[in-house]
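Listed below are the residues making up each chain.
2 protein chains.
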Amino acid sequence: MPRISHKAVRMPASPIRKLVPFAEEAKRKGIHVYHLNIGQPDIQTPEPALNAIRHFDQKVVEYSHSAGMESFRKKLAAYYQGLGANITHNDILVTTGGSEAILFALMACVNPGEEIIIPEPFYTNYNGFAIEAGVKIVSVTSTIENGFALPPVEEIEKKITSKTRGIMICNPNNPTGYLYTREELEKLRDIVKEHDLFLFADEVYREFCYDGREHFSVLHLEDIEENVVLLDSVSKRYSSCGSRIGMLVTRNKAVYESALKFGQARLSPPTFGQVAAEASLETPQSYFDGVYSEYVARRDYLVEALNKIEGVFSPKPGGAFYTIARLPVDDADTFAQWLLSDFSYKGTTVMVAPAAGFYATPGLGKDEVRIAYVLNVEDLKHAVACLEEALKVYHNNI
Amino acid sequence: MPRISHKAVRMPASPIRKLVPFAEEAKRKGIHVYHLNIGQPDIQTPEPALNAIRHFDQKVVEYSHSAGMESFRKKLAAYYQGLGANITHNDILVTTGGSEAILFALMACVNPGEEIIIPEPFYTNYNGFAIEAGVKIVSVTSTIENGFALPPVEEIEKKITSKTRGIMICNPNNPTGYLYTREELEKLRDIVKEHDLFLFADEVYREFCYDGREHFSVLHLEDIEENVVLLDSVSKRYSSCGSRIGMLVTRNKAVYESALKFGQARLSPPTFGQVAAEASLETPQSYFDGVYSEYVARRDYLVEALNKIEGVFSPKPGGAFYTIARLPVDDADTFAQWLLSDFSYKGTTVMVAPAAGFYATPGLGKDEVRIAYVLNVEDLKHAVACLEEALKVYHNNI
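Note that the protein sequences, when read in sequence, are chains A and B. For the first sequence, the tail end lands on 398 under my numbering, and the numbers increase by one without skipping. For the second sequence, the tail end lands on 398 under my numbering, and the numbers increase by one without skipping.
Just chain A, same shape as in the assembly (with noise of 0.2 Å):
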């Protein structure tokens, strides 16, 4: 029998993913698990995308063009130019989800081999599209103590090398929920600019910003439009994941043209996303409006009912729909086994990231745990009850 490639072997499973079997288990014995562990948002996607399926009259489903439909890149053209930015609908590279839209830019721009460096903790799934472009990624650690905040510039510039070819941030950001400022884009511009890098900037939990303050995007950034490359989507923005409709925005031609050849390759973005993804456009602005209203009802709630149970520290988060929470448990992997094992409340439990997974460096984040506010505040208020239960059995029981 043929081995597996070393790629394959170093391709990490997701750290929420042993912790599924052991979730089954405990609905097969009646237990109400609360997910507090996925960015599934629970909001309703928006009608006019939910409409344009519906009245989907093509006699046959074709490929689009490899970049995208014309016409849904020249709506999303119009909705940079909204946020200030100088786009194009020639900027713009429909992709299969972001997740295609980020390992486009790792192949379209890093050697293998080479290096990016990124703040972590960070998504995970960087990790997975990493090793697929055979690019490693370089991490500078921010702490919970700071709220996440960039890491110093000194930190950030210490860990460039001759095999440095960018820096990725996600803003807001998974799994913190910090929403970076306008200086601390500003810095990474400098340091962008000095060592000719490349700016990689997942932005799409763009429209989830709280208490007044403003998204500033990678695209606003002056003096560097060639090397930034956004990496976007619709997943969050309109609660739509499962279309796997995101984008790949840069204002460098070669790095554009390159990504297409990749685009190319897999013939076309899916069109029935597409379609769904054009007309939530549309989405008029009172579905944001609640949408904001309410994440932020669940925000304040979770992070400061965290903050109440004894030994339990959450930073309140800026943006998106995570916080990493302090834990008062030696393990959080165990701890989030054991919540699904061996502990019930009132017939539920909780079900959360264990946050070693999101950093690179080993031993950090053990006592840290990524929860998603995708539930109700109703649902959050049973969730953390459940949690604070826990960590009381927990406690006496080890």
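Hints listed in this document are in silico derivations from the structure and should not be mistaken for laboratory results.
Over 12 Å on every C-beta distance to chain A, these chain B residues come out as not near it, computed from the model:
no.	residue
1	P152
2	E186
3	H220
4	A305
5	D333
6	E389
Partial selection, computed: residues in chain B whose CB lies under 7 Å from chain A:
no.	residue
7	P2
8	K7
9	Q44
10	V61
11	Y63
12	V110
13	N125
14	G128
15	F198
Using N, Cα and C, we set each Cβ at its ideal position, and we do this for glycine too.
Starting from the known structure of chain A, arrange chain B on it as the hints suggest.
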């Protein structure tokens, strides 16, 4: 400005893409272009698929399981069982088109720098996926004189080195339309078994086999169950190219688990496409009978008409909806461009795919073109008449 990657530099542009501006210019001049250059069928997508999309009733367009929806995979398993193959839903990974199945297979099974052997001419996008995965394609030549049959075993074995990890075939073949016989597949089985290689088989045209011949799938090969990785798609079978739904099918558990990890990194295949594809499996046999008769009529007309043109030779393909024709020209690339830029007949012209791009060996296929019979017979008649006239004019002019 930072450089792009070596992979990006090496990614080939599609051999057809450079003709596109000339086709657009011809259309601007009011010339009707018969598109014989693409694999986008004009056949209608089955009604059950379109109906399922029009009745999509989920409120949130969620991610599916990374391996694909279980209900869909179970129906797919039944489909493969119907072909006589011992396949369960746990052997099936739903991918974003056959394209992603190819990429996952290469990344899961072949290390960067290692080799796979492919009979040329072959589907050009294999080059793109091989570059993405860092895999080297070693070609073994099949010839138009032999109707593009499998090259002799000795020729294949000559290409096997310590770096060879697999053999890839496309059956029925794109671009040649050749349908491999059971004997040919058994020869491949013996080679694969002896040298402990993977056998990657792209069978997306499985349903398109003519003259009463049955398709013999690699899934039927005994004794190499763990060597076989099947790459499949609903794109051609159900004329649903834009759905972007394919499958990687393997009974090799290590390969399956590896491919699933790549699948988890990109979260899920498209939800809408899966809904349509699952419903497609309910398509009545009458649909396929209609499609079959249509393609047989097209092929029979096309190949006979081509062979009547002086100096033109096309073997009669046993499957798919392509044929490769040898034309009495020095350079089919130049001719194909000339057809679009300098010729018209009764206000029409023809776009074909120069075949050199399907060969890995430089210089091969220079006087050949791939013709896709994705137009109805009436249109094919006009297109062939146009091609015949073009060849006369071309010869008088040069």
